[in-house]
Amino acid sequence: MSLKNRAVMVVGAGIAGIQAALDLAEMGVKVHLIEETASIGGRMPQLDKTFPTNDCSMCILSPKMSECARHENITIHIKSNVLSVKGKPGDFTATIVEKAKYVDPVKCVACGLCEDKCPVKVDDEFDMGLRKRGAISRYFLQSLPSEYTIDKEKCLYLTRGVCRLCEKVCPANAINFQDIDKEIELSVGAVILATGIDAFDPIGFGQFGYRSYKNVVTSLELERILSASGPMGGHVVRASDHKEPKNIAFIQCVGSRDESINHNYCSSACCMFAIKEAIIAKEHMKELDVAIFYMDIRAFGKDFDKYYEKSKNQYGVKFIKSKVSEITELEDGTLKLRYVLENGEIKFKNFEMVVLSIGLEPRKNMRELAGKLDIQLNEYGFCKSNTFSPLTTSREGIFVCGAMNGPKDIPESVMSASGAVAETTKYLRLERQEIKEKKIKEIDVVGNRPRIGTFVCHCGINIAGVVDVKKVAKEAKDLKNVEHSEDLIYACSQDCLETIKKRIKEHNLNRIVIAACTPRTHEPLFRETIAEAGLNPYLFEMANIRDQCSWAHMNEPEKATEKSTDLLNMGVAKARGLQPLERLPISINPKALVVGGGLAGMNTSLTLADAGHEVYLIEKDEKLGGNLNNIFYSFDKDPQVLLEDLKEKVSNHKLIKLHKNTKIEKIDGYVGNYTTTFSHNNEKQNVEHGVVIVCTGAKEHVTEEYLYGKSDRIVTQVEFERMLKYNQLPSPKPKNVVMIQCVGSREEGRMFCSRVCCTKAVKNALIMKEKYPRINTYIAYRDIRTYGFREKYYTELRDKGVMFVKYDIEKKPDVKLVDEFDPDSKALVTVFDPIMDKEIEIQADLIVLATAIDPLPENDTLAKMLKIPLNEDGMFLEAHAKLRPVDFATDGIFLAGLAHNPKDIDESLAQSKAAASRALTFLNKKAILAEGTIAEIDESKCTGCRYCEQVCSYSAIEVDDEKGIAVINNALCKGCGSCVATCRCGALDLRGFSNLQLFDAFDAITMTDILGE
Amino acid sequence: MKEWQPKILAILCNWCSYAGADLAGVSRIQYPPNVRVIRIPCSGRVDPLMIMKSLQSGFDGLLVSG
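Chain order of the listed sequences is S and L. Heads up, the first sequence is in my numbering, so the first residue is 1 and it goes up one at a time. Heads up, the second sequence is in my numbering, so the first residue is 1 and it goes up one at a time.
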């Protein structure tokens, strides 16, 4: 197949679509990002906080959104849908329809005057109908692209031919009622689908009274209520009377784990979602009483159990294992819950607010989309994929990520998105990219006296309606070093940008300060503009007089004008100290080092090698495969076939240099330029490479509990699986087999869920039932965590008569040997059964222990070599729990597999693809540019105290032992300035944000005040 | 005589609090105009010296947020 295409269509711009688009764009691929709504962002902007770190959802997402909106390789098509995809993989023609927006995106300045004046008020979809919006609106406040669009169905002019008010008030002449829907053909090599999920609509669930009882809300509605930018301003109040509730009940699994509606799957995220909302609500109101009614708490992700425990112990959230059978509304709006405890006892309790933890379901239009794209859906209507190819659809060249093929939380969506990107690379013509040459020669300003130009923007009436813009511009003329000052109607419009460039030439300006909107959106544009005029882009400063002034002080024009003058003064003072900064190129060695030859390591290596990169794969054992060697069954294909296939491909790939029985001695260097020494039979070898991928895995915990090791009839699940495979069950065939879950997991010292054990127990119990139907199986568990589509097998096992006994951590099952001196002794298991409300005794012929997954003790050595962190459990700690699940904070180092956290085969496959993809964003470049605003050191002042070394999250500063002074690695420094603040000797400073610049800015306004008085 | 108003300096992290101040504007939330914002790349950049210096410069109060 001769590949020619270098473009990919990504459908859906939620977090998965955004991640996929960014990874592709960084590899030099052109991306068409298709989004149905009027903004990229998807579900995340609706969320207030994210678990388990309680990060503000919008705060962590918006940098990715703006990077996506700004990237030169990404074209965003909002209000667009896919009509068809024709052709072959590598050479598809996709047809999309881009709906009319009726607002010119180039002219719109997102001031919102149109929406204020719009006479139509309709339910706002983003705020779940808790707020109204106009027919002309933005999807949400931080929408990107930021322009407004008109809702054709709701607009008075477009439906009835009257109104046009928005057109009259728009100061930028951006309204265009002549706009039409456009069909666009795209030539792409591959397609990534990321259309996400819908939240389950509980309106049909009569017993909960949703919509008929006002104080029953969904978890998503509560999320908007909790959000500070939401309809209630972040106050937890009831919809009926806007009063703070005294107590709240959460009802779990509404629309999940429910065979009656063909939702025999677990939505995976709702338990944590509810716990998070409970915690946040409690943070808002300490006195609030929160109860969560649940079946099983499925806190199976990284650090989730710690969060769950915290909710109970620190916040006092109550958990009640029970099904709520009915809710009735009392006269004052209070809700009376009828629920049944495990032992059958019926209880009643009143709550002032009830939250339905709604599940996730396939998007409404899935069938239609599947038809258009010719892809298959699974039994529940999600996009179909399977365990061993979790990112592929039924059609070659079309891949899937995010929750579209099954419920996922954010990090898994991000992983699958990066993973899907790796899958597309074989259909694209990729080349290593060079750094683009600067087109315009830069004017040398070093040593020249600052000649500052200031420009004050009206932003139509957005600023000028409040601030006396002309006065601000005039007063700036008197400031020291200001050679030119003027006001502009729309500083960001093409003609004004030309004016700025012209003034730079006319007045020989060498620093530019623009007082306008926020640098967070407009700094890149203005920097580009001054660069076109020959100035170094860092010779630029902005004063935010719109978002942080005119819009915030609309009724105080004089004070706002005064503040604008001050902000501009500060900008000018800071600009005086600006120096041209260089973004130095760092060359990237195209080879990779993969540490660990298990499933994740092999899959990462193959993906990188298939993309044309040489890989050094280091395995400490003599055998490849790691833990996969012990897995014989899956719900899909034979894991041993997968293992053999990977082993063969890895061993025969000409670009993979396999080193078994090999130990890593030393890793030196930084992104793009690593040198590693490893040894094999005491023979050392040095290799050079550009990135490192950590796939070292984890191991099975060796327990001393439950008399393990005292009898051959007490085994682990791993041992049991082997016995099943090779028909080695004790003879005569056991009558009773007891499985005990959470052996070592979820308790003091190992407060995490090992994630795979519930599914493994269910899987092995099912296989045993199939092979030996007459064996009785008992499973003693704490919560059954068969998340996602694994739920089906759990219900199947229950239907087959396997007995599940829930035990409490305080009352663990008791195991006694029948004959202590017999190495093959049977045992007696005693466990309290909450359903029968009494202790039961089981004569066990075989006990199977689901032992925890432990991090490797040698993680510590590798972490020190690479200067990367471990979490408190000893697992490798990624750069960000939600949005950077395969990266480390240090550029050039990536993570996949069990070394990150316990996970299943499909998840390791997706994550290892993701790690490869993230590595390719570096490897596909010949060089990258370091940041311009980075720390710098005055060597004469440094005492080598190492404080800076300790605070740097990016391992970018290190004390040179020979010289005894700190050395900054320009390639790794992100310019956060933590080292500068820590430096006791004043040896460090931050370029572009130097101490002197900031102090001058402080002085700029207070001094004028003092002098003025 | 006008009532005395303190002059407050807000040192805000670009990624969270500065974005929050932008959002306040976008949402048209009104607050007293006697605060001056300076943007920094990370709250880790805040040197103890900055706190002393801002007060020395004549500010009456300081808000560090990140």
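Keep in mind that a hint or two might mislead.
Below are the EDC-like pairs computed for lysine to aspartate or glutamate, each with C-alpha atoms no more than 16 angstroms apart in a straight line [claimed, not checked]:
hint, chain 1, residue 1, chain 2, residue 2
1, S, K725, S, E747
2, S, K364, S, D198
3, L, K7, S, D1003
4, L, K7, S, E562
5, S, K559, L, E3
To give an idea of the chain S side of the interface with chain L (calculated C-beta under 10 angstroms), a few residues [to be verified]:
hint, residue
6, V169
7, P171
8, N173
9, S229
10, M232
11, T521
12, P524
13, L525
14, S550
15, L567
16, V980
17, L998
These are calculated hints, taken from the structure and not from any lab test. No residue lacks a Cβ here, since even glycine has one placed at the ideal position from N, Cα and C.
Taking the hints in turn, this is what the structure says about them:
Distance hint between S/K725 and S/E747 is unfulfilled; the C-alpha atoms sit about 31 angstroms from each other, more than 16 angstroms. The suggested pairing of S/K364 with S/D198 holds, with an alpha-carbon distance near 7 angstroms, which does not exceed 16 angstroms. Between L/K7 and S/D1003, the direct Cα distance comes to roughly 13 angstroms. Compliance with the 16 angstroms bound is thereby established for this hinted pair. Restraint check: the Cα-Cα separation between L/K7 and S/E562 comes to about 12 angstroms, which is no more than 16 angstroms; the hinted pair holds.
Only pairs whose Cα atoms come within 16 angstroms are accepted, and S/K559 paired with L/E3 is accepted, the gap being roughly 14 angstroms. Evaluation of the S/V169 hint against chain L yields a violated restraint, the C-beta minimum of about 16 angstroms exceeding 10 angstroms. Using the Cβ-Cβ criterion of 10 angstroms, the hint placing S/P171 at the interface with chain L is not satisfied: the shortest such distance is roughly 16 angstroms. Taken as an interface hint, S/N173 does not check out: its beta carbon lies about 22 angstroms from the nearest beta carbon of chain L, beyond 10 angstroms.
Given hint, S/S229 at the interface with chain L, holds; its Cβ is 6 angstroms from that chain's nearest Cβ, closer than 10 angstroms. A least Cβ separation of about 13 angstroms between S/M232 and chain L goes past the 10 angstroms threshold, and the interface hint is therefore violated. With 10 angstroms as the threshold, the beta carbon of S/T521 comes within range of chain L, its nearest partner Cβ sitting at about 8 angstroms, so the hint holds. Among the interface hints, the one on S/P524 is violated; its C-beta lies about 13 angstroms from the nearest C-beta in chain L, farther than the 10 angstroms criterion.
Look at S/L525: its Cβ only gets to about 16 angstroms from chain L, farther than 10 angstroms, so that hint breaks. Hint status for S/S550 relative to chain L: holds, with the closest Cβ pair at about 8 angstroms, below 10 angstroms. With 10 angstroms as the threshold, the beta carbon of S/L567 comes within range of chain L, its nearest partner Cβ sitting at about 7 angstroms, so the hint holds. Using the Cβ-Cβ criterion of 10 angstroms, the hint placing S/V980 at the interface with chain L is satisfied: the shortest such distance is roughly 6 angstroms.
Taking 10 angstroms as the C-beta cut-off, the interface hint given for S/L998 holds, the closest approach to chain L being about 6 angstroms.
Hint check: violations occur at hints 1, 6, 7, 8, 10, 12, 13; the rest are consistent with the structure.
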